[in-house]
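S.K.: So the chains spell out like this:
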Amino acid sequence: MSEQPFTLAIPDADLEYLRKKLDVVRLPDELDGAGWQYGAPLAHIQRLLAHWKDGFDWRKAEAEINKLAMFTRDVDVEGFGTLNIHYLHQKSEVKNAIPLLFVHGWPGHFLEVRKLLPILTAKSPDHPSFHVVAVSLPGFAFSEGPKKPGFEGRQYAEVLNKVMLALGYNEYVYQGGDWGHLLGAHVAHQYGHKHVKAWHSNMPCYRAPKLLSNPFLTLEPYYSAAARQRISKSAKYRVTGSGYFLEQATKPQTIGYSLADSPVGLLAWIYEKLVAWTDEYPWTDDEVLEWISVYWFSRDGPAASVRIYHALTGGSTHDSFAGAARSTIPLGVSYFPKEIIQLPKSWTQLLGNVVFESEHDKGGHFAATEQPEALAGDLRKMYGKGGPAHGVVPGRNGYD
Amino acid sequence: MATTTERPFTLSVPPAELELLQKKLELVRLPDELENAGWDYGAPLSDIRRLVARWRDGFDWHKSETEINKLPMFTRDIDVDGFGTLNIHYVHQKSAVKNAIPLLFVHGWPGHFLEVKNVLPHLTAISGDRPSFHVVAISLPGFGFSEAPKKSGFAGRQYANVFNKLMLSLGYEEYVYQGGDWGHMLGAHVVYHYGHKHLKAWHSNMPFYRRPTLFSNPLLTLEEHLPTQAARVAVEKLTHWRQKGIGYYTEHATKPQTIGYGLSDSPAGLLSWIYEKLVSWSDQYPWTDDEVLEWISIYWFSRAGPAASIRIYYEMTGGNTHDTFEGTARTTVPLGISYFPGELLLPPKSWMQMVGKVVFESEHDKGGHFAAYEQPEKLADDLRRMFGRGGPAFGVVHGHEGYD
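Residue numbers (this note's numbering), protein chains in the order written: chain D, 1 to 400; chain L, 1 to 404.
Read the hints as simulated data drawn from the structure, not as lab findings. Where a beta carbon is used, it is the ideal one built from N, C-alpha and C, also for glycine. One or more of the hints may lead you astray.
[Unchecked claim] In silico EDC-like pairs for lysine to aspartate or glutamate, Cα to Cα no more than 20 Å straight-line:
1) L/150 x D/54
2) L/23 x D/361
3) D/148 x L/35
4) D/91 x D/76
[What the hints assert, rightly or not] Derived DEER-like restraints, expressed as beta-carbon distance ranges:
5) L/16 x D/59: 54 to 60 Å
6) L/26 x D/3: 37 to 43 Å
7) L/26 x D/10: 19 to 25 Å
8) L/99 x D/32: 33 to 39 Å
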């Protein structure tokens, strides 16, 4: 099936079912003074639950989401048949705007592009403009997920590239964080130069350098306090914040039962990250509940979304970069202070051909949501006139 | 003498809780599953679907409850320094042999006091040449029908305090100890605090300890590299554990509250979280659906709720910042170890010397992590050989040698 406009319309029965579930929620207790130490605090979850039952208006949120230009189309994936993929496609009025593919991660979704849209598509002689495509990854939000094992980096990249080609963007640029970043390495490896001309990441991590091949980079933490500081943040995440990753990479089905069956289980699992991974972003309850609802009402259900961890890590037997060699297409990176994984900046060159770097003093993992102006500003600088990736897409330099 | 707070305990889950569970079972929403997933991604959908249906339509909790109530169960208040009073639940089965050896049986996660069920008759039996035991099987604070601590910091010392006080309150000034999983880790704490004085010998069916270092135990570090079957198995299990086995552990040790919401609210979530371990950690034990559902129900209907049981991982590891043996040191209290082939980790046998003074070792060709449940005769037999006449720990408890 070729492109169809997509209107989000969760059936009344689904809303009714959720209501019934919320009415029989059984909450745990909590240790005195627990705060955030043991996970999502009870008082927060209670408040959010009460609002979900009695205040949050899904139909209102749905109507707002439907103002976005959304579509679905069938994408053929070698060995996996056809997947019906959901995406947002917002063109700029600038005809030669740069086609940009925005890729979310977990527990993110396509709506993370929302605040970037008006900025990226705006027309001005002072900055470039973009046609923005935000794909729902297979198994997330309203995209179908694969039905059998083996859907890995190559397949995700294939879907992403095919969507852009189908939209007439034979050449484009890419932006992502979280899985958007990790898949970016795969897309760049598979389609770099030929289709994807440059990429940008707001979570620029990669494997650590090896002493024999990169002695100076490997030794940098020994003499650089700045490098050590960045690594210590990653260590903190690894020691205290990576339980979800390990479970999802090894037993996605097991955790999937809780996420599929319990609205409060799903809420807590995701909300904990929305807060822990952001830089004091002032989440409103409605924002959080809309975010969780996209997972709750997702086409394949919340359990499908966590399979990507298992798929990209071989069930936790290798890292997510396996199979993606470094590409030489231009790479831009943005460093946000509260990002969960931080490595010495000098290591970024192992990831790709760094032509643009930007560091900010505010913002975390969900950069597009927390710091849309900063992130969009970085993209404008990278691709604008005089910028290091200006004109990478022939005939579409962002200006008319 | 102070009045005892011991009360006989009768399990009687209120109808309102049964109704709530039933409502929830009727509203279960299951995920899909990848084709031919098998056990590769966790608990298989067909198993969970079948178990949920049975739980909803066939499983008879009242029947289980009646059976459980045949065990001599009690509760009593135990004062824990800094944590106030906790009401602790336990099984206390005396042997007809007056001088039977007092034995404290300690479960782990996702275990519970009922794991003692199959081994109880063997241990308390009278048999001329084999010793008998008075058995106390405690529900750990926060598990089964024991109260949970209300504030943070309840760790090794506190668990040891509870165990020792319980045994003393039952009139057992000296006793022996048996445990696996947390029962093993906590054993190291109890023996450190009360070894020799009260705890005279201990036995574990989970031979686990921190890795030796070149600095502390150079010879032991070499053992994994030997070209032996035992070394190969040790490395294989450790690798598998590190790669595939620590998802639940890491979440428990870092964000027990977060995972706790799903476990409290979703019967299917709790079922799968535990069932996955019941199967993968046992040695092809032929679980019946009702066995599984009874097991999960103990967690579902637990006094403090399922989320409370997870906190032990956080408290015992400082939120995943140290291992579970922190605060203990090797003691010379006699230690016995049983090796079961399906156990999660099987380090080289010499490692147990780092834990304590190994006086008894036994190796089996069948059985896994839930040894007392899966192989009650083998485990009981090991204890009888360890503590019986001619055994290496015979007579450790004065006046309670196990024979009349």
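S.K.: Taking each numbered hint in turn, which are not upheld by the structure, reported in ascending numerical order?
M.R.: Violated hints (numbers, rising): 1, 2, 4, 5 and 8; every other hint is consistent with the structure.
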